[in-house]
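8 protein chains.
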Amino acid sequence: MARPYNRLDKDNAVVLLVDHQAGLLSLVRDFTPDEFKNNVLALADIARFFQLPTILTTSFEKGPNGPLVPELKAMFPDAPYIPRPGQINAWDNADFVSAIKATGRRQLIIAGVVTDVCVAFPTLSALAEGFEVFVVTDASGTFNPVVREAALNRMSQAGAQLMNWFAVGCELHRDWRNDVEGFGGLLGSHLPAYANLMQSYAASQG
Amino acid sequence: MARPYNRLDKDNAVVLLVDHQAGLLSLVRDFTPDEFKNNVLALADIARFFQLPTILTTSFEKGPNGPLVPELKAMFPDAPYIPRPGQINAWDNADFVSAIKATGRRQLIIAGVVTDVCVAFPTLSALAEGFEVFVVTDASGTFNPVVREAALNRMSQAGAQLMNWFAVGCELHRDWRNDVEGFGGLLGSHLPAYANLMQSYAASQG
Amino acid sequence: MARPYNRLDKDNAVVLLVDHQAGLLSLVRDFTPDEFKNNVLALADIARFFQLPTILTTSFEKGPNGPLVPELKAMFPDAPYIPRPGQINAWDNADFVSAIKATGRRQLIIAGVVTDVCVAFPTLSALAEGFEVFVVTDASGTFNPVVREAALNRMSQAGAQLMNWFAVGCELHRDWRNDVEGFGGLLGSHLPAYANLMQSYAASQG
Amino acid sequence: MARPYNRLDKDNAVVLLVDHQAGLLSLVRDFTPDEFKNNVLALADIARFFQLPTILTTSFEKGPNGPLVPELKAMFPDAPYIPRPGQINAWDNADFVSAIKATGRRQLIIAGVVTDVCVAFPTLSALAEGFEVFVVTDASGTFNPVVREAALNRMSQAGAQLMNWFAVGCELHRDWRNDVEGFGGLLGSHLPAYANLMQSYAASQG
Amino acid sequence: MARPYNRLDKDNAVVLLVDHQAGLLSLVRDFTPDEFKNNVLALADIARFFQLPTILTTSFEKGPNGPLVPELKAMFPDAPYIPRPGQINAWDNADFVSAIKATGRRQLIIAGVVTDVCVAFPTLSALAEGFEVFVVTDASGTFNPVVREAALNRMSQAGAQLMNWFAVGCELHRDWRNDVEGFGGLLGSHLPAYANLMQSYAASQG
Amino acid sequence: MARPYNRLDKDNAVVLLVDHQAGLLSLVRDFTPDEFKNNVLALADIARFFQLPTILTTSFEKGPNGPLVPELKAMFPDAPYIPRPGQINAWDNADFVSAIKATGRRQLIIAGVVTDVCVAFPTLSALAEGFEVFVVTDASGTFNPVVREAALNRMSQAGAQLMNWFAVGCELHRDWRNDVEGFGGLLGSHLPAYANLMQSYAASQG
Amino acid sequence: MARPYNRLDKDNAVVLLVDHQAGLLSLVRDFTPDEFKNNVLALADIARFFQLPTILTTSFEKGPNGPLVPELKAMFPDAPYIPRPGQINAWDNADFVSAIKATGRRQLIIAGVVTDVCVAFPTLSALAEGFEVFVVTDASGTFNPVVREAALNRMSQAGAQLMNWFAVGCELHRDWRNDVEGFGGLLGSHLPAYANLMQSYAASQG
Amino acid sequence: MARPYNRLDKDNAVVLLVDHQAGLLSLVRDFTPDEFKNNVLALADIARFFQLPTILTTSFEKGPNGPLVPELKAMFPDAPYIPRPGQINAWDNADFVSAIKATGRRQLIIAGVVTDVCVAFPTLSALAEGFEVFVVTDASGTFNPVVREAALNRMSQAGAQLMNWFAVGCELHRDWRNDVEGFGGLLGSHLPAYANLMQSYAASQG
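First to last, the protein sequences are chains A, B, C, D, E, F, G and H.
Note that the first sequence ends on residue 206 in the UniProt record's numbering; no numbers are left out.
Note that the second sequence ends on residue 206 in the UniProt record's numbering; no numbers are left out.
Note that the third sequence ends on residue 206 in the UniProt record's numbering; no numbers are left out.
Note that the fourth sequence ends on residue 206 in the UniProt record's numbering; no numbers are left out.
Note that the fifth sequence ends on residue 206 in the UniProt record's numbering; no numbers are left out.
Note that the sixth sequence ends on residue 206 in the UniProt record's numbering; no numbers are left out.
Note that the seventh sequence ends on residue 206 in the UniProt record's numbering; no numbers are left out.
Note that the eighth sequence ends on residue 206 in the UniProt record's numbering; no numbers are left out.
Take these hints with a grain of salt, some might be off.
Claimed, not checked - As a list, the in silico PhoX-like pairs of lysine-lysine whose alpha-carbon atoms are at most 25 Å apart: (1) K101(E) to K73(E); (2) K73(D) to K10(D); (3) K10(H) to K62(G); (4) K62(C) to K62(E); (5) K73(D) to K62(D); (6) K62(A) to K101(F); (7) K62(D) to K62(B).
What the hints assert, rightly or not - A short list of chain B residues far from chain C (calculated; beta carbon distances all over 10 Å): (8) R48; (9) G86; (10) D92; (11) V97; (12) G104; (13) L191; (14) P192; (15) A202.
Hints were generated in silico from the structure; no laboratory data involved.
For each residue, glycine too, the CB sits at the ideal point set by N, CA and C.
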């Protein structure tokens, strides 16, 4: 009953960004384009801030699905980048799985488009192999809320933990004293409401 | 903990379409008529595309419930078709169950109207007999979201997996290379947003 | 894994209607007054149609909570009627529990106002004593959807099955041939959309 | 600027119920079936309570549109009843218009299915002929809120007054002292929340 | 075309609070109880803050409609208080109208329950007599948003100006320098989000 | 006051389809892709059914905006087709305006993407030149409902009439007897709920 | 299967209020400011009413997060108050945990801002140490419903019970006879709809 | 009837940004923080792109309302900047009005926080003086949609035109050929869905 709480650990976590491609993003209708773009880039910033190994994969970039969104490409110039020749479940791609295993890490932070396929399938596969999987629900998008609910239920029942980018960042950071400036800046640049607080505070100290 | 992920397998799956009748469809209010019709026909196209055995059943077609929607009848001319003389739970109908068992398959993909009865009852019965059941939540409709949530919770807690037609198709297909044209065509005809991507891409290559 | 599906059985079920009082109903805001009244009366009609033992209980009728809604009082003139002198959880009232146990039945169909208290507390108590509990979510009301979600989650995680009145009726009836007229009439009087189907059909046969 | 407020006057008003037919009602998706049925019957009760001349019309009852809902037929056995042989705009039917003109009244209270056609067209025609038109928005239904908004905007801009059944009843009644019992009973039978107040009050006086 | 903007003027405005009674409030479903109570009391505070003449009226307090909410009674002990013996439209009550006319003011700020009757009817009557009417939409409640929309459209088309309590307060105050403390306190006590700003600011100055 | 009701007249109306391009459609978020596609094609079918002159225009098809949706191109092979070299407001394009004027018609039925620009601008221009303009709100899409509301308000206040495709079709048809089969088929193919009625009716006659 | 129902027990429960700070509250967008403030203060009143040990903690009050909301500070002048120097998860702060353990109680009632971090992290830590945790979902706020759903799912799957303040109060109180006046007053001051019932009842007894 | 369509003209328009202050932004609840920030900055970019005279004003920056958001300050270093000493309606501030009049322009494009006060009051004042006013509804925010609707109705009825930032930009630009690169870049940086189209197109040309 009292099982330990295995928290996200910045020395044991890897980030998987699956199929955030310019064409596929037009299928995402459970978030507005503004908020979804912000959520994805916030997760990417977290990956960089904590220097987590990050793995990118895409499906048919040369075609209607379109290219990986350029911001992501630019943020992770040296990350493993696996264009899948056809496998829908990224876990069926040996390069993708071995890139993950090469990190030696057991906590997978995953987000992608669309939630019910590109996120759900590798999540279920990874859980079956004993990985801990943390699904970033607000950086994963799909057709509508009914589809999202079904997909999250399926992953949750299989053992995945459902999170959001802000909680991922905070669970990794653990203590503000590790870097007040840096982490505050990260939050401020993706949470306008938090940026407002910082600006008001700064002005009041002026 | 690390149980295997038993995926949908096109050699082990059967599709059950329960009571998609013209009259009963007027009870469906958790989807708009446009999107619900599209979802049901998309699932039917998937059944045909993967040549899955498909079983149709109806309740009192001669009466207010109305006939099976004609598109479904036309798509599966040779499928077992079981008009139930009164059983509400299709699993109580011996012909229905033996049609399923005759396929020798253990994975049931089910959708119907209404979710809380025509889908939930046979799902619970089938789970109790050890079948794997995959409920297609967006091709199953009912009175309102509160009813749907209760029904999906009941099925999920009993072991059913909740999915949507798009994920069902992708999990069965596994690899685009198995048939890029065919599967792309299927998606394009039921996802206008994907069709738009294909048209824009084609035009850009023209 | 393959546990039997213990269905609602009209020879093993009892209906508990908890605190549907005129005053308390004004607290219900997760359903409109029209639909909530209809749902509660539909469940009551089901109880009568299947001649299920039904137990009524109220909290402080002489006071702001107001009297039991008169339709319910009129429908069950001989049912055990337990005005609780103060216990919030009806299960803490010995008369209520012994009225249940006197029926010898093990399946409790429960609905009430408010969901998070008057339904949730006796549900959790009954589950702890080994009863099967079926919560009728659409005949139970509370302050808002956030509260409802929490309450349903708590009950579901403790083992309750979440249902709606229509599914309760159908699971009890099992086969239309048991009484086509009677059950059709019941549905028609609480589902205007179904009544429309019956009227159109009758007219077409005229 | 200070034009007189021409109120609804029970000696100058006529009620027009257009195409509330069993089949067409399944097209109404901007209200739930429960609340829409209640709203239509409430308006009908108001027509009877104030003994307003009431005119019924339908479109193709022998066919998919289905019969007039039987409650309305039963409530107005002697009312002019005009089955239109084909005219979509009821105002194009001479019998309908002359039934209205025969009353000598100038205030038209109109409701129907669907709002954007069966209500809007005769409303616009009647306004053009100088009638005052009061559209009962909650006893008129259509496909979805976007359609409703457009239709109400069109009618409002042409001079129609938008009302709801409760306001119609109150504007006609003017003073509770004209009939406290009767009007209270009417409200209580269509407003469960008001019925609750009356029951609580009665009990407190018990 | 360039007509003058007749602003709310604290020397020309009177506040009318119509039928905010404990029973009738249970009919209000287009606002949550928390926010509606807050909005009504905020408007009342504004009336007091600017020492506007305020007129209270009720309908059948001895009965299901219930008493005027006690906070309002307490806030305006000396205000004209007109229990109407039966008139639904308060403007039909001579005492109510003469109380208004006795103030000599021409700008009526009105709120009440329910919007479509108790607010709309006197609004239309007053406009017809040449008063300027400002309807406080968020301190007026009714059955649902469809009803509210119709009522607001009707009043707006007849010349009423639609406002909210915050805008009413600000238009009356005109310049913060008239009373920074007092007006800030009023806002803070009804806008938790503004209170938070004040607390954060005060702490930062600490 | 009693101005005539100038109805849509199939001998005086022309249909303008503005910028329904594959890329731009991904910007439409106030309708789901399924329903929007259906609405646009329904309007196109109406144009053809009534043999209305129809004019197509696009903006930068060779580029991100993408090609005109192919179904529209196929349906109107001989229609004037004006690819605008840069004008945002189609009315600024002389070819577009002269194509309209060449028809000699004064009633413009307009739809497009996005509502606030491609529909609103030519609508305002045409109104200023004395055309009657009927905006088909459900075949016009944009970023979100807030934007839509502003755009519809602007057009309505300038004199445009807001309609939906179903009402356009019915106002043009006037009398079912003009073609029962044809018009019924048109409705059935775009209104699944109506198709259900027709199927149930046909079955009941079988 | 029949595990006992461990109810909230006023002799075994402690209340944890985490980071309800004036700045952070501006991040809460899944409740309106009015209702959220009311919910938090209602929970605080419950803590006082049942004299539950209550522990307050904050994060960086001197800075953008702002001070603890002053009402809470005033209500619990003698409660342990732990300003955390940097730990995000309050359970990482030794003072916080030892304040809890010093009470000797095993039932934690927790609420805070934001749900997914300040509530979820200590909840998961406490569950792992064998505490029973009751999350007050309506006194905990966060960015949006998608984030809330993920956080509640995570906590529920780890064993937390989801509740609302009203249910917490009722489960602690158990029997109205323990204090009718006091508990009724508490409810009335936070549930306007319940206050209305009490006022109507009192008036009717007048 | 056929009045000319006075379009926004880049040689006759001025932009007014009213009270977009860090504290006040926390009051805005009718948009999410992400989308509101994006909308405000998009409008600011438009002002710069078309080199429109732009006027900034604030209310009590030294206090809870907080400083003007720094991005705006940075974008318009030379713009008239009027910190109002107390006037709530900016039009009551002589410096503000004379800054407008100094431009010699008659078209006012206005946005601010909150819509019902800081936008509505100067809008009504300016209309009364004969200015054309274009309210940018999606760059103006307030407490909730009910308040927004009332405010927009009030301004629209007084003659203001309701627009959104995208339509403002397009109406000013008139013809893409004036600057394809520049205007496309502006749109792409504020419309992620449009940026996706551009990226997909560019990739397809690669």
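Verification of the hints:
{"no.": "1", "hint": "K101(E) to K73(E)", "verdict": "holds, 22 Å"}
{"no.": "2", "hint": "K73(D) to K10(D)", "verdict": "holds, 22 Å"}
{"no.": "3", "hint": "K10(H) to K62(G)", "verdict": "violated, 47 Å"}
{"no.": "4", "hint": "K62(C) to K62(E)", "verdict": "holds, 18 Å"}
{"no.": "5", "hint": "K73(D) to K62(D)", "verdict": "holds, 15 Å"}
{"no.": "6", "hint": "K62(A) to K101(F)", "verdict": "violated, 44 Å"}
{"no.": "7", "hint": "K62(D) to K62(B)", "verdict": "holds, 18 Å"}
{"no.": "8", "hint": "R48", "verdict": "holds, 30 Å"}
{"no.": "9", "hint": "G86", "verdict": "violated, 4 Å"}
{"no.": "10", "hint": "D92", "verdict": "violated, 7 Å"}
{"no.": "11", "hint": "V97", "verdict": "holds, 13 Å"}
{"no.": "12", "hint": "G104", "verdict": "holds, 18 Å"}
{"no.": "13", "hint": "L191", "verdict": "holds, 29 Å"}
{"no.": "14", "hint": "P192", "verdict": "holds, 28 Å"}
{"no.": "15", "hint": "A202", "verdict": "holds, 43 Å"}
This entry does not satisfy hints 3, 6, 9 and 10, going by the numbered hints stated previously.
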